[in-house]
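Combine both chains into one complex, guided by the hints.
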Amino acid sequence: MKIDHSLPLEYSTEENRLKIFGFWMFLGAEIMLFATLFATYFTLENRTGNGPTGAEIFVITPVLLETFLLLTSSFTIGLGIHAMRLGRQKAMLWFFGITLALGLGFLGVEIFEFFTYAHEGAGIQTSAFTSILLTTLGTHGAHVTVGLFWGLYIMIQVKKRGLTPETGNKSFIFSLYWHFLDVVWIFIFSFIYLKGML
Amino acid sequence: MEFFERFAIPHPSFAIYASMVAAGLTLIAIIAGLTYFKKWGYLWREWLTTVDHKRIGIMYLISALLMLFRGGVDAIMMRAQLAVPDNTLLDSQHYNEIFTTHGVVMILFMAMPFIIFFMNFVVPLQIGARDVAFPRLNALSFWLFFMGAMLFNISFMVGGSPDAGWTSYFPLADGESVGSHYYMIAIQIAGIGTLLTGINFLTTILKMRAPGMTLMKMPMFTWSILITSVIIIFAFPVLTVALAFGTMDLLFGTQFFTLDNGGMAMLWANLFWVWGHPEVYILILPAFGLYSEIISTFARRNLYGYKSMVGSMVLISLLSFVVWAHHFFTMGQGAFANSIFSITTMAIAVPTGVKIFNWLLTLWKGKIEFTTPMLYSILFIPLFTLGGVTGVMLAMSAADYQYHNTMFLVAHFHNVIIPGVVFAMLAGLTYYWPKMFGFMLNERIGKWTAWLLSIGFVLAFIPMYITGLDGQARRMYTYSESTGFGPMNMVSFIGAAIMAVGFVLIVYNIYYSVRYASRDIGADPWDARTLEWATHTPVPHYNFAVTPEVASSEALWDAKKNGHQLFKGEYKKIHMPNNSGVPFIMSCVFFVWGFALIFSLWIPAIITTIAIFVFMTLRSFEIDHGHYISVEEIEDTESEMRGA
Ligand code: HEM
Ligand SMILES: [Cu+2]
Chain U
175 MKIDHSLPLE YSTEENRLKI FGFWMFLGAE IMLFATLFAT YFTLENRTGN GPTGAEIFVI
235 TPVLLETFLL LTSSFTIGLG IHAMRLGRQK AMLWFFGITL ALGLGFLGVE IFEFFTYAHE
295 GAGIQTSAFT SILLTTLGTH GAHVTVGLFW GLYIMIQVKK RGLTPETGNK SFIFSLYWHF
355 LDVVWIFIFS FIYLKGML
Chain F
21 MEFFERFAIP HPSFAIYASM VAAGLTLIAI IAGLTYFKKW GYLWREWLTT VDHKRIGIMY
81 LISALLMLFR GGVDAIMMRA QLAVPDNTLL DSQHYNEIFT THGVVMILFM AMPFIIFFMN
141 FVVPLQIGAR DVAFPRLNAL SFWLFFMGAM LFNISFMVGG SPDAGWTSYF PLADGESVGS
201 HYYMIAIQIA GIGTLLTGIN FLTTILKMRA PGMTLMKMPM FTWSILITSV IIIFAFPVLT
261 VALAFGTMDL LFGTQFFTLD NGGMAMLWAN LFWVWGHPEV YILILPAFGL YSEIISTFAR
321 RNLYGYKSMV GSMVLISLLS FVVWAHHFFT MGQGAFANSI FSITTMAIAV PTGVKIFNWL
381 LTLWKGKIEF TTPMLYSILF IPLFTLGGVT GVMLAMSAAD YQYHNTMFLV AHFHNVIIPG
441 VVFAMLAGLT YYWPKMFGFM LNERIGKWTA WLLSIGFVLA FIPMYITGLD GQARRMYTYS
501 ESTGFGPMNM VSFIGAAIMA VGFVLIVYNI YYSVRYASRD IGADPWDART LEWATHTPVP
561 HYNFAVTPEV ASSEALWDAK KNGHQLFKGE YKKIHMPNNS GVPFIMSCVF FVWGFALIFS
621 LWIPAIITTI AIFVFMTLRS FEIDHGHYIS VEEIEDTESE MRGA
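As given, the protein sequences belong to chains U and F, one line each in that order. Using our numbering, read the first sequence as starting at 175 and increasing by one per residue. Using our numbering, read the second sequence as starting at 21 and increasing by one per residue.
FYI, nobody ran anything at the bench for these hints, they're computed from the structure. Any given hint could turn out to be false.
The list that follows gives simulated cross-link-like pairs (lysine-lysine, DSSO-like), each with its CA atoms no further than 27 Å apart [stated by the list, open to error]:
hint	chain 1	residue 1	chain 2	residue 2
1	F	K74	F	K593
2	F	K375	F	K327
3	F	K593	U	K176
4	F	K467	F	K387
5	U	K176	F	K387
6	F	K588	U	K176
7	U	K176	F	K592
8	F	K375	F	K237
Bound conformation, chain F alone (with noise of 0.2 Å):
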């Protein structure tokens, strides 16, 4: 018995089980589904073992929209917790594992994805290029983060939940229940699947631009994801390291982050951080991106201020891996420590603001044209800003010992992570809809969703301010009446329940438009202005028949307005990478491997890790030269989609 009680919830209600039933109805809907539509064989070939990085990047897509709702089922959760006094909903310890699983969920298998879709499906369109530099590495990449991610996601059903917080602190993160070995293990393989999208980018926007697109003429999306990867690729090892130390401490008794021995706890703290707050900018700099391109479409005007925008990018960047230690202003380090700190993190106020300048400047001067993707970009510049300015209270050091660790920090975070990141993404998903599918979505669904995400947005958080800097703190499961903090959460509450309206009109907008939207909108509905709307929709295999020559940052625009041609030249035999189910096999592997280690089931994880060796050699031996589309098949494909 003693084996299969390691796999038991430590604490288990009703909701729990009800989740159970769902997961698993839904995974025999699923299968049965595949197997009555004869889809397996389809599922395979098209999407398991894809290479093709708009592929890739829906897959990626789907994932970021299930955790959404993952994420934000445990939000609503909290809030109707805590609408009211002496709430009994929850326990302390649901409460603990939701919020936990909450801010991972959110952050990691939520925005990540969001933004490594944008990267996938849009960077190589818009560098005029046919793939990433490393397709079959890109689908690694990808089903290394999904597995992560379901890794992550059945710890609530098997073991129980982490409940340490997202930030996962020492000693807090105990070895108690495998909670905390479910985060260190899944956000690892998840984390390694980043760190390789990192590397990949990086080498494709350096070294596959179209002919003509010089560093200086790419367009502000694509300078958005060159940073970002630099980024990550300094980032990520970090917390590939911390997360190694932690899962060591747990599992092989290692001294890192113990209290006697010599360990360290304050360690975790800063190596979490150091990769932390990058992460932050890795979120917000692809949203910057979109906002960019979406803000110089419908204003029907070139970007204010192209070069201030890059380099207040590339200062932001420097800038966030140097304030890390404002996390822990209480935490003990002194005062000299916490003003450089202080100072460092008010410094990226200065670029920010640039950036809004020259957003505002854009639109000042700009024919705007109201879409629903500009909508969200002009409700998102005052949203934003206001979280910016409580960023810069937050980082007067003296000031957070007032509000450190209340609901003031959620709502500011909420405040830049909302409006800046999720919206973005948003607006941006609404923008590339038509390239990805061949249709728009609906227009008036979409603005009453962004209304009403902006409304609940406001309702839900502007009362945490409030409370937070009467004292409520965050993280507390309940409260008592008498600290008057009740009706302010009762309109959080409700906020919340106005954002969650707005999610599911994202769904029906999807449903209603796939049902009614026209299919004839040609390649550039938009009327857009950079190279990823020059190819056809929906966008052949090898993206461009013949390679663009860009002259500008804007190649399209200039190709509209100004008679420059993009496409010069014959068609010629294109060379296109092989699918491969080895990406997908190794990463369930991957999969087993975690699981085994989270359960310290030895036998399985030496196997697993020998065979993910296995895979390794199978590759360095492998032959894959990839094919050639010839130069019929090319004519065939264009002729039919300019027809249709």
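Chain U on its own, in the form it takes in the complex (with noise of 0.2 Å):
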């Protein structure tokens, strides 16, 4: 394997070059996945059925808290590939640990949400709408959640095989999809809950 040592670690080798595009362009689905997820969300937002309105289930302060848990972990995990191009191995394992931490506490805010909703008898098989509108945060939680075994699988190869060109690939790979996720939740937090509450 050629290393390239002008280039930062995650683009050192030919390879590292070659995944950071594919992931890229993996990214370009996942942008069509949640399109489409919130293409079908404007379709059947009103069509409630005999189930609840978005603006009678909504609740702002959780929702408040899921984004600032969400931003920030997006900016902390910026730091953390920050001072791996540094080559402070330790301080980025601290900045990722942060990330998921942070990911964690968004995912349990969400899970309260959830159980406040089937509380107030919007399941997923209420109407439509709820229909859609739990998939749709569904299929981004499930995108946390695999989020943060891969990152603590990062974490554990970076504390044991250091900082290569082959964890630094992965550890910005995953920094890139943690972005996307909290690209997503900023569409989810405008377009389905702010609109819903208006």
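Pasting the structure below:
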């Protein structure tokens, strides 16, 4: 494996460059996936049948908390990647750890929110609206869950194997994923919650 | 007993029992054969765990050919049923199951893998690469596709086939039997494989071309796959989501496509066709790419209008996403929407026409050599044009009220898909066969096949235009004597039978050529123009001993005629990926996962879900840097190949 030291660690081999590029293409597919979910949401948002409407069930506090947690985590993973490029493994692991903790917090609030909805009679089977609402939120939540495991695995590998072109590459790709989830959340926040509460 | 009743088929018949026995015997024969000849190890080492794009390609090819026959048997059964009025060969339920299976199998499990076979086998060679960008992912793509296809194929033996058409419109696709579950889940698994293929090939083509091969120096087939990959990446996630909604409606009682509580059946139709129409171009653009290669090779001339060929493909790919609603002009979306979709649909005829003229002009100025692939390509032009013209007829939304859901439509899409896609696949198969296996297919049998398929095609499908205009509905399992559809349908049956003979001839040709064809054909038997013919036959697993350097879109031709040097420099050690059993095993788990979901077996479903995540975890921790092929080894292989 040829390592090009003039490039950042995550780009330093041919294989690494391919992986990053491929991951961007994968994110393209993910964008389409969420775009389809959003398009469906807009189609079904007023088709509430005999179930509740968005305005009736959305509560701002937990949503603001979720937004705060996820946005902060996007910032901390950025710091983590910065630390990685400086070769500061320990700092990087700390920032990754904080990121995952924030992600876990987000997930906790979201699960709490789902329980509230179910309690209020807005289960996934209630109406077309609740079906798409919970599917969209759930898809994002599932992505976060996968991200928590993935991030943890990467932390373990960095700890055991140090910062190599390979672990650096994995960390960077993970950070792209995590930022992407944040962007999706901003859309969820604006076009599902804010719009629904107006 | 309740538990087992789920797996019973709801509409048993003699034909189904007979095919169960046949399937069982085939399975036993395969297992016994592998054991007797001690081939299990070989199978595992050389095929099930391979990450070589050429072998993965060949596995796609085998799957596609098998599915061609599966779908073909369904087609013959339908045509036999309709051959005479008031026929009782099949009852309505069987007819429903058969046209559904035929449609799904032909589009998703025959045409798609056939195209992906060409992608896999040809593209890396054509761009001078050692492999695809992500070889391991490529193996996973294949096995996911394969397991999805197998899952779908067992539906008629276990639990019952889907019967709501290949479009599976809700509320027709209700949860009464497990048929629709099969549809949603089997296609989902295969579809994920296809999506990964799209990502893989886009990366491969953009990042791994040989030095000198700028985008505008790529061969036309590679261009078509580049664009196809982009369409896959944009279209398949929509299918993924639609199928997930459908699955949830069927299994978990959500309300996406239901008739009350806000559900919206038309949403399925929209999502399906937002994927479905681009899908048609995922099939036809690679076919166009193949025709371009074949026509320029055998017209002995470079492709006329290279830039306009590329431009028209880009335009087609864009337009393909804005026409989906032409599939339901009559379902009440209003005159304005209909007009928009009518116009965008017709617009596609323009870039397509550009391509037809480019091929014609290439032929016009060329010195044509009538090989089998060329024969298919020349038959393609008029037949496909006819299909295109009837397509424009269908695109007129007002007129569509007349022939909507009649045999006219069935005639139209077979008219584009058979000469367009199937002929291209067969032409390409004949063309690339020597590169794969080191001998040519017999030309005489090949030409017979091409003519039989064309004549059979005309007899089978032109009558449908006529009966369709007369009002013979699509998907009707029988009709009465008084309609007068009888004679035309008989002609159609005869045509289908002639096509069946054509398909059997392909098998015979393979058998015949394996036995008698010359093995002494060299690397470039067609005197071709692009890079894939510049390496040895059979292709060594590293493809090219030295990375080629390219100066035009017809690199080999330049090397032959203008003395351009393709291979400069010394041998260097080559990095190759290691084989892996994980893609295969993981896909087997996906098979069980799908099966468990289809039959709502929750405990196995949970276990397999966890297993899939465990595999992903293992993958994350795995260290696998591949291996190197040493310079001596390359020298040995090369001198042996040159000697042979
Ligand atoms: C080779 C000869 C073929 C014959 C004789 C044939 C015949 C038929 C017939 C009789 C139908 C059903 C018409 C009806 O009752 O609605 C049908 C439907 C269909 N065929 Fe074929 N077919 C052939 C090849 C193909 C190929 C190569 C493809 C695609 C790659 C294909 C795709 C379809 C589709 C998508 C449908 C619609 C199924 C549905 O209504 O859901 N066919 N075909
Ligand atoms: Cu269409």
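Given pair status - K327 of chain F, K375 of chain F, alpha carbons within 27 Å: Cα-Cα ~11 Å, so holds.
Agreement of K176 of chain U and K387 of chain F with the hint, judged by alpha carbon distance not exceeding 27 Å: violated (48 Å)
Pair hint K375 of chain F and K237 of chain F, alpha-carbon separation not exceeding 27 Å: Roughly 18 Å separates the two Cα atoms, so the pair holds.
Restraint check for K74 of chain F with K593 of chain F, where alpha carbons must lie at most 27 Å apart: At roughly 21 Å apart (the allowed maximum being 27 Å), K593 of chain F and K74 of chain F satisfy the hint.
27 Å limit on alpha-carbon distance, applied to hinted pair K588 of chain F and K176 of chain U: holds (21 Å)
Pair hint K593 of chain F and K176 of chain U, alpha-carbon separation not exceeding 27 Å: Holds, at about 12 Å.
Agreement of K176 of chain U and K592 of chain F with the hint, judged by alpha carbon distance not exceeding 27 Å: holds (13 Å)
27 Å Cα cutoff - pair K467 of chain F, K387 of chain F: holds (19 Å)
Of the numbered hints listed earlier, the single one contradicted by the structure is hint 5.
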